[in-house]
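Chemist: Letter by letter, the chains look like this.
Protein chains: 2
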Amino acid sequence: MPELRRDPVNSRWAIIAPERGKRPSDYLYKEEGSEERTPENCPFCPGNEHMTPPEIYRLNGEDGRWRVRVVPNKFPALQDYPRLDLTRKGEVFESMNGVGAHEVVIDSPEHTRDIPDLLLEQIESIVDTYVLRLKALMENKAYRYVLLFKNHGKAAGASLAHPHSQIIATPLIPSEVQARLQSSKAHYKEHNRCLLCDLTAEELRVGERIIEEANGYVVVAPYASRFPFEMRISPRVHAHDFTTLSKDERQGLAQLLQRTLARLKGLLNDPPYNIILQTAPNPVLMEEQSCAQISLADYYHWHIEIIPRLTTMAGFEWGSGAFINPTPPEAATRYLRDTDLSA
Amino acid sequence: MPELRRDPVNSRWAIIAPERGKRPSDYLYKEEGSEERTPENCPFCPGNEHMTPPEIYRLNGEDGRWRVRVVPNKFPALQDYPRLDLTRKGEVFESMNGVGAHEVVIDSPEHTRDIPDLLLEQIESIVDTYVLRLKALMENKAYRYVLLFKNHGKAAGASLAHPHSQIIATPLIPSEVQARLQSSKAHYKEHNRCLLCDLTAEELRVGERIIEEANGYVVVAPYASRFPFEMRISPRVHAHDFTTLSKDERQGLAQLLQRTLARLKGLLNDPPYNIILQTAPNPVLMEEQSCAQISLADYYHWHIEIIPRLTTMAGFEWGSGAFINPTPPEAATRYLRDTDLSA
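Protein chains in written order, with this note's numbering: chain B, 1 to 343; chain Y, 1 to 343.
The hints are simulated quantities; they were obtained by calculation from the structure and are not laboratory data.
Check each hint, because a few of them may be wrong.
As the list makes no split between identical chains, a pair holds if one copy fits it or if it spans any two.
In silico DSS-like pairs for lysine-lysine, Cα to Cα no more than 27 Å straight-line [unchecked claim]:
1) Lys247 - Lys154
2) Lys74 - Lys189
3) Lys265 - Lys22
4) Lys154 - Lys135
5) Lys89 - Lys185
6) Lys89 - Lys247
7) Lys154 - Lys265
8) Lys141 - Lys22
9) Lys22 - Lys74
10) Lys154 - Lys22
11) Lys74 - Lys135
12) Lys89 - Lys189
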């Protein structure tokens, strides 16, 4: 049974998930000769649908075959429990049962093609599925935050090669999200404007970190990029909630996502990366807070982070929380901008 | 010239260090066939002293040969500048020049032997050097924090195989350190006791996460361990400042450090790991604050973190700041405790 434990020293939560059951011998060969899966034994490939837990959702194409499937994670980090149990052990240790959800979005039937190489229509289906599942999970009031992410490549944490995304719903607002909410709120209080709107305006004025502006979105290399070739995609006009995207906005995003990931693939020979959606916390909960003076809808601005995994997190980063980035975002922008997308 | 940039979205600093000069081509082959160095071309091996920048410190053995050398990092993340220049660009971007220091401690003349396999006397020399360099760097009032860490193995960020440690002095207190200071302070305010002293008392009472208690130190698998087989070493009796250790305390630590890393090596076949010293911020600065009602010396407790690098940081961890740990610390404790140290 997964359990959430609070670290009293760092005020940080860890998910202890023994179902994933790792004994020392599981770590001995970290090169992980890795059961390289072929389409024959890949649980995400057409024909092997029985290898996944029972389907939560499927989006069919006009030919009647599935285009996107959503299934529960076989080794969930968090699970659906009837209620949240908080436990306090002595004066210092806090724990709660791992209430939540952990879903896998199988991005397409294709075993080897990821977003840069799929048909645009397929990427639109993926984005549509994201919106739909996030909305569905946010119906549950126990889920304070729903995090969507995608790991591309083994070094980015993808344990199965077949392209997929993941959604984890958590019973608390994660510390990274809280940090964003706080800085956005503070900025709004001071300036009566959205932080990301201000950032984007300044980036557009300066220009040197703008990789692309199209379809109502802006792609930038963030000013204080922690990682080489890090990118942020955000809507040009203020919007706090990813799940309210119109059909047009979803199509525009699908196209830009493809172009942006194609830049990364072309420039860096298909590097490993993580994609993270940073949308507002559960709107069901927000409504409860609608009497508050400042509205989350005003101060929060949804965005997508793309983190190429080219550098190694080492002792300095763990110990300080600061990152050493050898590639200035202005240089990264020039390289990314100049990448040939016709290939 | 290294530059510190503040990320306004996450209130987090990044060090942009273009001297480390990475162009896209530097990242293309991330398997890094790696210029495996042999003692002949290793800059840290005896006979190659001319390959490092000019020595900062050396500790000689009775035979007149060096046992430990300290040299500047060839590609420093931070450098010694005459003064700290803060720049504000527009309303949203803040930057400062990368004031600080970045030193490398060459742990021993041995190219392949790390702490588990060195003579105890040699490890004492390493700990003595740590104390000495930390003290020396804290003389500089511009350095608010001095972080000592050691990366073991390529996957933990060690770019050179010859065992070494690093010290980075920063012009601000890093966010990870601030989080610890805050939680420690809050606990002290509420209970009038040190947080880590309370934690240790509770751990000793419960017992299930105590790996070893010896020489005045306790080795625990932290309650909310983020990583499998994570460990924390802390002094049994309250102490906030690593640099004030007596000869006896340094010897005791050297021995326990060796035993603890030998457990890890024996159990997990020499895995990659990071070691991080979490000591109090620069005491020179603390003295200035001595009029404050609560003293850092009372509420902060120094400790060492050991982070084995067996799991991959993926989208969930980056997006949430929370970690999924498949090995409960109680299980890790049993394995680590039972590891044969006579080998």
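Chemist: Are the hints correct? Go through all of them and say.
Modeler: Quick rundown of the hints versus the structure:
no. : hint            : in the structure
1   : Lys247 - Lys154 : neither (33 Å within a copy, 46 Å between copies)
2   : Lys74 - Lys189  : neither (43 Å within a copy, 44 Å between copies)
3   : Lys265 - Lys22  : between (33 Å within a copy, 17 Å between copies)
4   : Lys154 - Lys135 : neither (29 Å within a copy, 42 Å between copies)
5   : Lys89 - Lys185  : between (34 Å within a copy, 21 Å between copies)
6   : Lys89 - Lys247  : neither (49 Å within a copy, 37 Å between copies)
7   : Lys154 - Lys265 : both (15 Å within a copy, 25 Å between copies)
8   : Lys141 - Lys22  : neither (32 Å within a copy, 46 Å between copies)
9   : Lys22 - Lys74   : within (15 Å within a copy, 39 Å between copies)
10  : Lys154 - Lys22  : both (18 Å within a copy, 22 Å between copies)
11  : Lys74 - Lys135  : within (22 Å within a copy, 51 Å between copies)
12  : Lys89 - Lys189  : between (38 Å within a copy, 20 Å between copies)
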